[in-house]
Amino acid sequence: MGKVTAMMNLDARIPTGPIEEAWDSARFEMKLVNPANKRRHSLIVVGSGLAGASASATLGELGYNVKCFCFQDSPRRAHSIAAQGGINAAKNYQNDGDSIYRLFYDTVKGGDFRAREGNVYRLAQNSVHIIDQCVAQGVPFAREYGGSLDNRSFGGAQVSRTFYARGQTGQQLLLGAYQALERQVDTGQVTMIPRTEMLDLVVIDGQARGIVARNLITGKLTVHLAEAVILATGGYGNVYYLSTNAKGSNATAIWRAHRRGALFANPCFTQIHPTCIPVSGDYQSKLTLMSESLRNDGRIWVPKQKGDKRPPNEIPEDERDYYLERRYPSFGNLVPRDVASRNAKAICDEGRGVGETGLGVYLDLSDAIARLGVETIRERYGNLFDMYQRITDEDPYKVPMRIYPAIHYTMGGLWVDYQLQSNVPGLFVLGEANFSDHGANRLGASALMQGLSDGYFIIPYTVGNYLASTKLSKVTASHPEAQAALASTQQGVAKLLAIRGKRTVDSFHRELGKIMWDDCGMSRNAAGLKEAIGKIRALREEFWQNLNVTGSGDDLNQSLEKAGRVADFLELGELLCIDALERNESCGGHFREEYQTPDGEAQRDDEHFSYVAAWGYTGAGKPWDLTKEPLEFAYVHPSQRSYK
Amino acid sequence: MKVKLTIWRQKNPDSKGQFITYPVDVVNGEMSMLECLDVLNETLMGRGEEPVAFEHDCREGICGSCGFMINGIAHGPLPATTVCQLTMRHFKDGDELVLEPWRSRSFPLVKDLVVDRRSFDRIIQAGGYVSVSTGNAPDGNAIPVGKEIADRAMDAAACIGCGACVAACPNGSAALFTGAKIAHLGILPQGKPEQDRRAVRMVAQMNVEGFGSCTNIGECTGVCPKEIPLEEIARMNRDYLLGAWRERGNVVTAIAPVTDWNFGEK
Numbered sequence: 232m233g234k235v236t237a238m239m240n241l242d243a244r245i246p247t248g249p250i251e252e253a254w255d256s257a258r259f260e261m262k263l264v265n266p267a268n269k270r271r272h273s274l275i276v277v278g279s280g281l282a283g284a285s286a287s288a289t290l291g292e293l294g295y296n297v298k299c300f301c302f303q304d305s306p307r308r309a310h311s312i313a314a315q316g317g318i319n320a321a322k323n324y325q326n327d328g329d330s331i332y333r334l335f336y337d338t339v340k341g342g343d344f345r346a347r348e349g350n351v352y353r354l355a356q357n358s359v360h361i362i363d364q365c366v367a368q369g370v371p372f373a374r375e376y377g378g379s380l381d382n383r384s385f386g387g388a389q390v391s392r393t394f395y396a397r398g399q400t401g402q403q404l405l406l407g408a409y410q411a412l413e414r415q416v417d418t419g420q421v422t423m424i425p426r427t428e429m430l431d432l433v434v435i436d437g438q439a440r441g442i443v444a445r446n447l448i449t450g451k452l453t454v455h456l457a458e459a460v461i462l463a464t465g466g467y468g469n470v471y472y473l474s475t476n477a478k479g480s481n482a483t484a485i486w487r488a489h490r491r492g493a494l495f496a497n498p499c500f501t502q503i504h505p506t507c508i509p510v511s512g513d514y515q516s517k518l519t520l521m522s523e524s525l526r527n528d529g530r531i532w533v534p535k536q537k538g539d540k541r542p543p544n545e546i547p548e549d550e551r552d553y554y555l556e557r558r559y560p561s562f563g564n565l566v567p568r569d570v571a572s573r574n575a576k577a578i579c580d581e582g583r584g585v586g587e588t589g590l591g592v593y594l595d596l597s598d599a600i601a602r603l604g605v606e607t608i609r610e611r612y613g614n615l616f617d618m619y620q621r622i623t624d625e626d627p628y629k630v631p632m633r634i635y636p637a638i639h640y641t642m643g644g645l646w647v648d649y650q651l652q653s654n655v656p657g658l659f660v661l662g663e664a665n666f667s668d669h670g671a672n673r674l675g676a677s678a679l680m681q682g683l684s685d686g687y688f689i690i691p692y693t694v695g696n697y698l699a700s701t702k703l704s705k706v707t708a709s710h711p712e713a714q715a716a717l718a719s720t721q722q723g724v725a726k727l728l729a730i731r732g733k734r735t736v737d738s739f740h741r742e743l744g745k746i747m748w749d750d751c752g753m754s755r756n757a758a759g760l761k762e763a764i765g766k767i768r769a770l771r772e773e774f775w776q777n778l779n780v781t782g783s784g785d786d787l788n789q790s791l792e793k794a795g796r797v798a799d800f801l802e803l804g805e806l807l808c809i810d811a812l813e814r815n816e817s818c819g820g821h822f823r824e825e826y827q828t829p830d831g832e833a834q835r836d837d838e839h840f841s842y843v844a845a846w847g848y849t850g851a852g853k854p855w856d857l858t859k860e861p862l863e864f865a866y867v868h869p870s871q872r873s874y875k
Numbered sequence: 034m035k036v037k038l039t040i041w042r043q044k045n046p047d048s049k050g051q052f053i054t055y056p057v058d059v060v061n062g063e064m065s066m067l068e069c070l071d072v073l074n075e076t077l078m079g080r081g082e083e084p085v086a087f088e089h090d091c092r093e094g095i096c097g098s099c100g101f102m103i104n105g106i107a108h109g110p111l112p113a114t115t116v117c118q119l120t121m122r123h124f125k126d127g128d129e130l131v132l133e134p135w136r137s138r139s140f141p142l143v144k145d146l147v148v149d150r151r152s153f154d155r156i157i158q159a160g161g162y163v164s165v166s167t168g169n170a171p172d173g174n175a176i177p178v179g180k181e182i183a184d185r186a187m188d189a190a191a192c193i194g195c196g197a198c199v200a201a202c203p204n205g206s207a208a209l210f211t212g213a214k215i216a217h218l219g220i221l222p223q224g225k226p227e228q229d230r231r232a233v234r235m236v237a238q239m240n241v242e243g244f245g246s247c248t249n250i251g252e253c254t255g256v257c258p259k260e261i262p263l264e265e266i267a268r269m270n271r272d273y274l275l276g277a278w279r280e281r282g283n284v285v286t287a288i289a290p291v292t293d294w295n296f297g298e299k
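If you read the protein sequences in the order shown, they are chains V and F. Residue 564 in this note's numbering sits at position 333 of the first sequence; the count goes up by one each step and never skips. Residue 249 in this note's numbering sits at position 216 of the second sequence; the count goes up by one each step and never skips.
Derived from the structure by calculation, the hints contain no laboratory data. Virtual Cβ for every residue (Gly too), placed ideally from N, Cα, C.
With a straight-line cut-off of 30 Å between C-alpha atoms, the simulated DSS-like cross-links for lysine-lysine are:
#, chain 1, residue 1, chain 2, residue 2
1, F, Lys-35, V, Lys-733
2, V, Lys-745, F, Lys-35
3, V, Lys-745, V, Lys-733
4, V, Lys-733, F, Lys-44
5, F, Lys-180, V, Lys-629
6, V, Lys-766, V, Lys-745
7, V, Lys-761, V, Lys-853
8, V, Lys-629, F, Lys-125
9, V, Lys-537, V, Lys-745
10, V, Lys-451, F, Lys-44
11, F, Lys-37, V, Lys-733
12, F, Lys-44, V, Lys-726
13, F, Lys-49, V, Lys-451
Pulled from the structure, derived: some chain F residues nowhere near chain V, Cβ distances all over 10 Å:
#, residue
14, Val-36
15, Arg-42
16, Lys-49
17, Asn-104
18, Asn-240
19, Gly-245
20, Asn-249
21, Ile-250
22, Thr-254
23, Gly-255
24, Tyr-273
25, Asn-283
Just the calculated beta-carbon pair ranges, DEER-fashion:
#, chain 1, residue 1, chain 2, residue 2, range
26, F, Asp-128, V, Thr-607, 37 to 43 Å
27, V, Pro-560, F, Glu-260, 39 to 45 Å
28, F, Pro-46, V, Gln-389, 55 to 61 Å
29, V, Ser-704, F, Ala-277, 48 to 54 Å
30, F, Lys-49, V, Gly-437, 47 to 53 Å
Using the sequences and the accompanying hints, generate a full structural model.
This is the structure we're talking about:
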């Protein structure tokens with residue numbers, strides 16, 4: 232009741248036929264909603280980042296009645312805003328050999344052959360339309376003197392296909408989508424509901440029909456109903472506590488949907504970004520990313536000698552180890568993120584790390600400054616250098632930056648089919664919140680592409696197809712399932728307030744994060760994962776006995792909000808470790824120490840693990856059900872990734 | 034080092050607020066102002082008291098969520114820096130820092146240091162966009178945009194919507210925020226067709242929200258974390274003047290400001 236039980240056979244609904252024509256033919260097959268009927272349909276979008284804002288705006292433009300929710304004070308705050316580097320598109324404006332097929336190929340390979348070919352091909356196709364749309368909205372992409380769009384190469388790509396707006400590409404793309412959304416708010420097609428958090432999914436007759444949401448100012452819980460629910464709530468990187476995610480980024484919406492029956496796919500595929508500012512103390516609340524575009528002009532090195540404490544400029548050239556250039560001569564400093572991160576960790580584990588904690592490597596732009604001049608470097612990276620200096624009090628124009636990997640992105644998420652619909656009919660999932668396009672590792676500048684592809688160019692078709700081909704009964708908020716969801720959410724909030732224990736939410740979150748980072752971070756092994764699962768269960772038990780949330784549930788209470796989110800992370804963290812333990816191979820961001828090649832590279836096992844692991848919730852404290860969706864590769868033949 | 038934080042505490046818009054002083058141990062100069070508040074809040078909760086409510090999200094200076102006055106300066110003493118990136122090394126042992134929320138009639142208080150900035154969203158709703166529905170776009174390179182023009186547009190587009198400009202202005206004017214969006218879109222060829230209408234409507238909305246008028250004092254640009262230049266306001270005035278003349282026959286409709294949090298429900 233009010234829940235969908237996992238089906239054993241997952242139909243991903245990938246169109247058959249040549250991959251180049253698949254999306255066209257799928258769109259032609261889809262049923263359309265008559266323009267005059269669109270206004271009779273209501274849709275809920277949760278989240279207002281690139282995926283949520285672009286979906287809300289586009290669905291509003293088409294004439295649907297949309298309610299868009301975000302927990303922040305304004306949709307413009309969504310964490311897409313912090314993406315720095317850029318957005319990929321297969322425009323081949325640089326005439327350097329790019330094509331839709333090459334972007335598709337690079338993404339499948341970069342994802343270490345754990346993504347669906349069909350989805351990725353469509354993503355590459357849509358990439359070119361995204362750029363056009365954003366330019367038309369007034370996104371101020373970087374330009375050449377002649378007026379054409381500028382490109383740069385980015386993390387692991389051998390062509391220049393990345394479009395950018397200084398170091399603030401995510402901000403500018405999000406503002407474009409936000410402005411399109413506000414235009415629809417002005418027309419009345421979209422109702423924007425900020426400072427409101429989804430706490431449950433309402434499932435009626437097996438279909439997603441609404442949400443229970445808490446007004447963060449008044450504390451009031453309300454049932455909102457619609458004919459379909461679209462989640463675009465981002466990733467779950469904050470399960471690690473310290474990450475590059477915003478403090479508010481959370482998994483509550485997707486986790487509550489998971490508890491109502493939506494399958495969670497590949498949770499162990501998490502991405503560790505190689506270029507973040509190292510941790511400086513226990514009070515630290517988040518990690519700050521330095522765009523990976525810096526790797527285009529920067530060289531990464533550490534001293535050759537262990538424990539060399541000399542300042543970097545006193546270490547002569549022949550006593551430096553440019554380890555990425557040494558180990559990967561053809562890609563050098565531009566190896567994909569997972570490879571760069573693992574190497575940084577290995578070097579630091581050897582005792583050659585730099586900085587006070589020894590957990591850091593140098594990212595040195597002095598060669599580029601000498602070659603191109605300070606002004607060019609300032610133009611390219613000025614805002615990043617300023618940010619670095621503000622935080623560390625060191626001037627990167629003079630001293631090499633120190634960087635260390637940090638959790639950045641989660642490739643896993645709710646399972647969706649080709650139409651971006653979860654196994655719960657009427658529940659669609661977009662952007663980082665779904666699992667679909669990046670496999671086991673996401674390439675740089677691909678997250679923005681996926682969020683906007685899903686929101687601008689996929690969901691408008693697929694949700695229409697769902698509405699036109701599905702019989703939906705009329706429901707009201709008094710429906711027993713809606714009332715039951717409301718009541719259980721009320722109990723959940725009351726329970727958090729009633730514990731009145733001794734430990735704060737943050738102290739639990741920090742401890743969970745440490746378990747996750749130590750045992751399920753950059754490298755994992757079976758013994759550590761088993762131990763982590765035990766520790767997480769014990770911590771969860773303590774949480775429900777000893778949590779201290781002050782204040783009440785009927786006004787703005789930021790620790791109560793956090794408590795609900797951390798309660799969900801304490802469950803998700805366990806599933807993440809279980810998935811990592813189940814996957815006895817190394818691929819992409821998932822590196823199992825037991826499975827590596829003689830020279831320390833990730834060893835995939837295509838024979839046994841070429842599948843999507845889709846986990847079904849069976850009840851609190853009960854084991855999850857695993858359903859496997861096999862992955863087939865008809866175009867890009869799985870091979871050992873080599874960046875040597 | 035130790036600092037004293039004197040913070041405005043107010044449970045809700047209807048209750049009376051007051052300053053309360055809290056001593057805080059700053060363990061490390063790399064700690065940010067917000068991390069300092071985190072530490073204070075952990076202590077307060079340990080004592081069973083309610084933590085200080087403050088707005089924050091990305092903590093890397095780009096989302097625009099955070100912001101409050103520190104000793105009378107929006108976002109504190111460091112230029113071009115939001116409070117989430119303001120590290121404590123800029124203060125000395127024994128400093129007393131007075132933390133107040135943004136003060137503006139158009140930013141009603143929510144709780145402690147949190148204010149309601151939905152008026153900014155409504156200014157954008159009034160025309161801060163290019164009306165191009167998804168699917169309508171020509172090729173990205175179809176309209177050349179010179180590098181200088183793109184760079185100028187980007188300078189204006191860098192605004193994070195934090196509201197410091199309003200808080201710093203003795204008139205409580207939102208001219209820098211509004212001007213930045215009018216300039217960003219007006220500079221680019223894509224924004225030209227709606228230039229007049231946009232300026233007229235956005236300025237009208239700014240007035241309806243109760244923001245004050247600009248008297249060219251320049252406090253706004255001084256505290257702006259993105260250093261949006263004052264000339265964006267001149268651009269707004271020019272576009273407004275021209276637009277008001279050209280659009281003189283058209284009725285300008287403003288959006289009704291909303292201050293409650295019921296979203297149309299009882």
